[in-house]
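Model the full assembly from the supplied sequences, consistent with the hints where possible.
These protein sequence lines map, in sequence, to chains P and H. The opening residue of the first sequence carries number 1 in the numbering used here; numbering runs sequentially from there. The opening residue of the second sequence carries number 1001 in the numbering used here; numbering runs sequentially from there.
Read the hints as simulated data drawn from the structure, not as lab findings.
Among the chain H residues that face chain P by a calculated CB cut under 8 Å, a handful are:
#1 Val-1012
#2 Lys-1014
#3 Glu-1035
Computed spacing ranges between beta-carbons, pair by pair:
#4 H:Gly-1099 with P:Asp-57: 39 to 49 Å
#5 H:Thr-1101 with P:Pro-94: 48 to 58 Å
#6 H:Lys-1071 with P:Asp-18: 29 to 39 Å
#7 P:Ala-80 with H:Arg-1060: 19 to 29 Å
The beta-carbon is built from N, C-alpha and C at its ideal position, and this holds for glycine as well.
Each chain is listed here by its residues.
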Amino acid sequence: MKFAIVVNEGPYNHQASDSAYQFVTHALAKGHEVLRVFFYYDGVLNANKLSAPQADDRNIVKRWSQLAQDNQIDLTVCVAAGLRRGIIDDVLAPGFRIAGIGQLIDSCIDAGRTVVFGD
Amino acid sequence: MSDATETADGLVTKRFLYVNRKAPHGTVYALEVLEMILVAAMYEQDVHVAFLDDGVFQLRKNQATEELEMKDFSKTYRALEDYGVEKIFLEKESMEERGLTPDDLVIPAATIDRKQMTELMDSMDVVLSA
Chain P
1 MKFAIVVNEG PYNHQASDSA YQFVTHALAK GHEVLRVFFY YDGVLNANKL SAPQADDRNI
61 VKRWSQLAQD NQIDLTVCVA AGLRRGIIDD VLAPGFRIAG IGQLIDSCID AGRTVVFGD
Chain H
1001 MSDATETADG LVTKRFLYVN RKAPHGTVYA LEVLEMILVA AMYEQDVHVA FLDDGVFQLR
1061 KNQATEELEM KDFSKTYRAL EDYGVEKIFL EKESMEERGL TPDDLVIPAA TIDRKQMTEL
1121 MDSMDVVLSA
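Laid out in structure tokens, this is it:
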């Protein structure tokens, strides 16, 4: 199965980002394909490399970057939602890129299933 | 899940449903879903929009947002038709629970009951909610 993933909430504030990460890692382990993870609303904050959680906590931003590096996953941040929240190229963690909503629509079209994480 | 259709020139058209469940103000979801729909409308997909739960308030006429220092984007829903977005659905029970009637709304929309709403969702290829 080809999946398109949408993350609608920011890291730490909400479990959506954790659930999406768990879903993606397990889907990949089962041999599925993840076409893209698209970050919208406060979800764009998952891309902020300035995030500095305490040492004994999971590092959500780094974890996404590592996932992208290890599996060539496309992590796309919505440009409009990002601008509003200060997520621009200067603060983008490795593996993330900024693009438009069209990237979300494209992955929904190409995927067999779109899974949204949020409320 | 319905089958996506493919046109002669190889373009795939899917049935997209945008689900609005949140009040227009208090959180940014309503505004950002609307922004998403307006962009998505350019992609030649079969776009549907649903309003349920507090989402039905998004279409309320006479929103007075000045004191909230929020943009009154309710007028933008009227532009949806110009963007080719005409399949708009409101959940009957959500309307009734909140004392709203079709006369209270900024645009006309088909009112369907909760069971029909689940059937609508079932018939979609992609459901994007907020």
